[in-house]
Each structure stands twice: as structure tokens, then as C-alpha cells.
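Enquirer: The primary structure of each chain is shown beneath.
There are 2 protein chains.
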Amino acid sequence: MRAFMNITKALADENRVRTLLALRKGELCVCQITELFGLAPSTVSKHLSILHQAELVESRKEGRWIYYRLPKPEAPVAVREAIDWVVKSLATDPRVLADTRQLTSILKQDPVELCRRQCHK
Amino acid sequence: MRAFMNITKALADENRVRTLLALRKGELCVCQITELFGLAPSTVSKHLSILHQAELVESRKEGRWIYYRLPKPEAPVAVREAIDWVVKSLATDPRVLADTRQLTSILKQDPVELCRRQCHK
DNA sequence: TTTATGTTTCGTCGTATGTCGAAATAACGT
DNA sequence: ACGTTATTTCGACATACGACGAAACATAAA
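Those protein sequences? They're chains A and B, same order as listed.
Numbered by numbering that gives the first Met the number 0, the letters in the first sequence go through residues 0 to 120 in order.
Numbered by numbering that gives the first Met the number 0, the letters in the second sequence go through residues 0 to 120 in order.
Rather than coming from a laboratory, the hints here were simulated on the basis of the structure.
A few of these clues could be false.
Copies of the same chain look alike in the list, so a pair counts if it works inside one copy or between any two.
[Claimed, not checked] Here are the simulated DMTMM-like pairs of lysine to aspartate or glutamate, each with C-alpha atoms no more than 25 Å apart in a straight line:
#1 Lys45 / Asp12
#2 Lys60 / Asp109
#3 Lys71 / Glu112
#4 Lys24 / Glu112
#5 Lys8 / Asp83
Construct all of the structure, not just a fragment, from the sequences and the given hints.
Expert: Put into C-alpha cells, the structure is as follows:
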């Protein structure tokens, strides 16, 4: 029950749900998600921490960057089904489609440049 | 997205999740759920209102009683899948099993007697 | 060893949420 | 019609949550 409520509480925020959907296409670092949502880096970090605690995302550290991605197939069944449900329910949502578009634009940019811009703000 | 977030927010409270699971076996009136959780009637009513707004429960009025139940098969797909996910994930949870036990005990009692006891408190 | 940079942690602020009790509503029983 | 009773609405309170900026942390670059 505890683990399950961690998942439902993690899914109860729109930005966290959008984050999960943004990760469908592959891993992202914090500053890319920050750019996508226009939120403060600390806020995005907190959201990712909550998703991580619910096991809805995994992370990988590479130098200064920390990449987040959807969990592997070995993840708990409740987690995988939650993600499937989210993706299936929102795959055609206008805002999600807009996120996807903007994300492809973000992915074309050099991460180094993108992160530098984040810091200048 | 709006409708989906209504569902996730409705599922983000433990008492509301327990309510959904309690409704698996059939409809319940407010005072029966109140008895099950030991909460104030007004609190239970609020929870049911939130579940109703998310379309996770339907209601039926019969005299002074209002019975709540899980939605019919015609409900939105996201709703049905959400409930399936909840039930499947928590069917063997200890607390849910305990709720189920207590619920069968509650169902054996006369609803009129039960509601009267609620009001005496 | 400094300096720069990506991320997290911490403190704070405003808002949202869960809970209760009291009052309002609606429908039955007398 | 009047009181009884199941439910909801309202008002109040404490707590939880999402947001930010500043500071701390960790690692790469110079």
C-alpha cells in the first residue's frame, strides 16, 4: 500500500505526469526538462526525486549530468502498469503533443549550450 | 488532461483508494463507509464527491440513502483502466484484506441501526 | 588547485488538501 | 405538519505541497 500510494501521489501533479511522457522517447537530463517546462531547476529536481522514490523513473550519472529515464522491464508490475496507463491515456493529449514537439526541438540543441542558458537565468 | 488529472488526484489519497476497493463487492451508502473508516460523515461525503467528479464512482439515491458504486462498463476507458490497476495492485494488500473482512461484518448489520449509531456520535 | 557548471538541498512563501463540527438540505415516519 | 435522520455544504484549522532563490555539493575544465 505504501509503495502504491507513492505512485499515485507522484502521478497527482501535472508536471510530473508530463515528465513521464517526455521520457518516452529516451533519457533526459535535468536541464532539458527544465527547458521544456520553464520551471526552476530546483523544482524539476524535486519532481524527479518524487518520481524516483515512486520508482517511476531511474537515473544514471554521467559526469556532471544526471540522466533520467523510464524504468526497465524488471520494475515492479504496479509501476509498469501505471506508466502504461498514463501513456495510453494521454498519448493524444494536446498538451502532451505540444511537449513532444518542443522536446524534439530541445533534443536538437547542444546540451552544453542549453544548460549554460539555464544557468545564465 | 484535465479529466486524467482529476483521476490521479482522486487516487492520491489513501482513504479514497480504500473506498474504491471497498466498492468492489457492490454499492455502499455513506454511513457504511463512515463506519468502515471511522471518519466523520462529512469527510466521507467529501471524498465520495471527489471520486464522483473523477467519474470513479457513480451514485444512486434511494429515499434518504445515497448508494455509491463503481462505474458501469460504459465509463471512460481511462477510468476503467484506473480502477483495474488499483484493484489488481492492491487486491492482496493487508489493509485492504482487513477492510474487506470488516466490510462483510458491516454488511451483516441492519443499515438503519448502523446509521443511527453514526448519528449518536 | 582554482574556477565553472549541473544538480541537489534547504528555507521560505503562498496555496491546496484532509479533517472536523455546525448548519443546511432532503426525504421518511408519525 | 412536524420531528427524525441520511447526506451535503460551509467555515475553520492544521498540515502537505509546489514553487522559487540561495547555498551546498560534486565533477569537469583551466
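Enquirer: It remains to establish, for every hint, whether it holds in the given structure.
Expert: Taking the hints in turn, this is what the structure says about them:
1. Lys45 / Asp12: Classified as both: same-chain Cα gap 12 Å, cross-chain 20 Å, threshold 25 Å.
2. Lys60 / Asp109: So lysine 60 and aspartate 109 pass the 25 Å test inside one copy only (18 Å; across, 60 Å).
3. Lys71 / Glu112: So lysine 71 and glutamate 112 fail the 25 Å test inside a copy (30 Å) and across (52 Å) alike.
4. Lys24 / Glu112: within (21 Å within a copy, 57 Å between copies)
5. Lys8 / Asp83: Classified as both: same-chain Cα gap 17 Å, cross-chain 18 Å, threshold 25 Å.
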